[in-house]
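Can you build the whole structure from these sequences, using the hints too?
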Amino acid sequence: MRSWLPVLRDRRRYIAFELEAEDRVRRGDLIGEIRAAQTSLFGDLGAAENRLRMITFDGRFGILRCIHTRTEECRALLATVNSVGGTRAAIRVRGISGTIKAATEKYIPQSILQPNENKRRVDLGPVSGSVARVHGREIDLCPDDRKITEGSGTRYVGLTSFDLCGEDIDADGTSDGL
Amino acid sequence: MNFYECNLHTLPDGSDSPSRMALVAKRLGYSGIIICNHMTAGRAFGFDAARLVVGIEVVFGVEIVATNQRALHAKAASLREKADFLAVHGGDEKINRAACEDPNVDLLAHAYKGRTGIGVAAAKAARDNQVSIGLDLDPMIRLRGAARVRWMEVVRRDLGLIRKFDLNLMISTGAKSHLDLRSPRDLVALACLFGLEREQAIEALALPKSIIDLNRRKWASVGVELL
Chain B
1 MRSWLPVLRD RRRYIAFELE AEDRVRRGDL IGEIRAAQTS LFGDLGAAEN RLRMITFDGR
61 FGILRCIHTR TEECRALLAT VNSVGGTRAA IRVRGISGTI KAATEKYIPQ SILQPNENKR
121 RVDLGPVSGS VARVHGREID LCPDDRKITE GSGTRYVGLT SFDLCGEDID ADGTSDGL
Chain V
1 MNFYECNLHT LPDGSDSPSR MALVAKRLGY SGIIICNHMT AGRAFGFDAA RLVVGIEVVF
61 GVEIVATNQR ALHAKAASLR EKADFLAVHG GDEKINRAAC EDPNVDLLAH AYKGRTGIGV
121 AAAKAARDNQ VSIGLDLDPM IRLRGAARVR WMEVVRRDLG LIRKFDLNLM ISTGAKSHLD
181 LRSPRDLVAL ACLFGLEREQ AIEALALPKS IIDLNRRKWA SVGVELL
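Heads up: the protein sequence lines correspond to chains B and V, in order.
Mapped onto my numbering, the consecutive letters of the first sequence carry residue numbers 1 to 178.
Mapped onto my numbering, the consecutive letters of the second sequence carry residue numbers 1 to 227.
Fair warning: there could be bad hints in the mix.
Stated by the list, open to error - Label pairs and their in silico Cβ distance ranges: (1) LEU214(V) <-> ARG12(B): 39 to 49 Å; (2) THR39(B) <-> GLY91(V): 28 to 38 Å; (3) ALA44(V) <-> GLY153(B): 19 to 29 Å; (4) LYS147(B) <-> ARG156(V): 49 to 59 Å; (5) ARG60(B) <-> THR116(V): 39 to 49 Å; (6) GLN110(B) <-> ARG163(V): 42 to 52 Å; (7) ARG198(V) <-> GLN110(B): 29 to 39 Å; (8) LYS106(B) <-> GLY55(V): 15 to 25 Å; (9) GLY125(B) <-> GLU197(V): 40 to 50 Å; (10) ARG142(V) <-> ARG60(B): 22 to 32 Å; (11) ARG51(B) <-> GLY55(V): 30 to 40 Å; (12) VAL224(V) <-> HIS68(B): 46 to 56 Å.
As the list claims (entries may be wrong) - Derived, one-sided and incomplete: chain B residues facing chain V with beta-carbon distance under 8 Å: (13) GLU20; (14) SER40; (15) ARG75; (16) ASN82; (17) ALA89; (18) VAL127; (19) ASP163.
None of these hints come from the bench; they were simulated from the model.
Don't be surprised by glycine CBs; every beta carbon is placed ideally from N, CA and C.
Put into structure tokens, the structure is as follows:
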């Protein structure tokens with residue numbers, strides 16, 4: 001909707017975020033979850049003042065819009081999202097910008113590495129299972145023994161390639177692949 | 001600033017290995033993490049692998065779990081020499097008080113449970129013994145509705161105490177998985193919702209670093225350092 005006068009139009013900020021989740025997440029579920037977190041934290045009155053909108057979301061990266069004075073509140077409410085549609089998830093704010101174009105160019109990587117789909121076995125004494133997903137050096141492991149993740153409510157055990165091959169001394173934790 | 005996440009739980013206490021926690025924390029902007037597994041959790045896993053992660057300091061501390069005051073003092077005294085960082089699992093009024101009265105303890109973690117907080121007597125003791133109070137934001141992230149309201153009421157009341165007695169405050173998430181971790185800026189934004197000042201929150205996130213540095217110096221006895 002257009003404002004009547006350009007001077008009355010509110011100034012906006014665009015929040016670029018990354019969703020870290022254990023499984024694929026639908027856009028509708030994420031919007032619902034953010035709305036629920038927002039009304040739970042600020043109530044209807046405060047939620048109306050934030051004027052949060054989802055601009056884009058591609059399954060991993062997305063952009064939200066809010067009023068330019070309310071970015072800290074938005075950060076706080078995005079931090080309280082802990083699961084989306086029953087899947088454990090976390091929203092990482094990558095940056096805040098004044099235009100959609102700048103937010104996209106600065107904070108959203110254009111080429112996204114596809115996670116490997118290979119199912120490999122890992123056996124490390126106390127922990128064993130099959131690899132569910134690999135992101136660079138980070139490995140999500142589906143444990144044989146479900147009890148191991150009971151306390152934290154997650155489905156996978158988080159490991160790194162450092163745990164699998166201890167002799168990799170000069171690794172800086174940023175390179176891709178195992 | 002040197003932000004430290006001061007109370008993490010890894011395998012088998014949580015569901016992530018120390019190195020995974022370190023990698024994710026580094027990406028979120030921390031310069032160090034302190035892993036405090038509960039004493040009751042069993043043998044820890046993957047310590048050596050965590051040291052291979054470059055660009056972030058991984059400190060291994062202990063979180064003491066005790067059922068009564070005497071056991072707590074005994075465990076704190078015996079573990080002080082071995083660990084760089086000593087936390088106590090609170091949540092019970094007597095344990096909270098006992099932890100605040102023990103100069104060996106660095107951090108009182110998980111102090112808030114139901115209506116239990118720290119209270120005036122414990123706050124005074126914490127000031128005298130330089131025990132930090134851990135503001136664990138996990139309930140803020142996980143709980144919704146009435147349970148969260150109750151928790152926030154208690155925390156708000158005790159933040160008044162912390163300000164009055166000028167206690168050391170540390171902010172953490174008490175994460176058991178990398179999905180529980182939040183970036184320092186997110187934690188500051190969350191803490192500001194309680195009426196904590198921004199500078200105060202930033203200070204609270206940087207405090208663990210100075211405590212660790214103090215603990216690593218060689219103390220012959222109280223106030224006497226071996227050089």
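Tested hints:
| no. | hint | verdict |
| --- | --- | --- |
| 1 | LEU214(V) <-> ARG12(B): 39 to 49 Å | holds (46 Å) |
| 2 | THR39(B) <-> GLY91(V): 28 to 38 Å | holds (29 Å) |
| 3 | ALA44(V) <-> GLY153(B): 19 to 29 Å | holds (20 Å) |
| 4 | LYS147(B) <-> ARG156(V): 49 to 59 Å | violated (37 Å) |
| 5 | ARG60(B) <-> THR116(V): 39 to 49 Å | holds (40 Å) |
| 6 | GLN110(B) <-> ARG163(V): 42 to 52 Å | holds (47 Å) |
| 7 | ARG198(V) <-> GLN110(B): 29 to 39 Å | holds (34 Å) |
| 8 | LYS106(B) <-> GLY55(V): 15 to 25 Å | holds (22 Å) |
| 9 | GLY125(B) <-> GLU197(V): 40 to 50 Å | holds (47 Å) |
| 10 | ARG142(V) <-> ARG60(B): 22 to 32 Å | holds (23 Å) |
| 11 | ARG51(B) <-> GLY55(V): 30 to 40 Å | holds (38 Å) |
| 12 | VAL224(V) <-> HIS68(B): 46 to 56 Å | holds (55 Å) |
| 13 | GLU20 | holds (6 Å) |
| 14 | SER40 | holds (5 Å) |
| 15 | ARG75 | holds (4 Å) |
| 16 | ASN82 | holds (5 Å) |
| 17 | ALA89 | holds (7 Å) |
| 18 | VAL127 | holds (6 Å) |
| 19 | ASP163 | holds (5 Å) |
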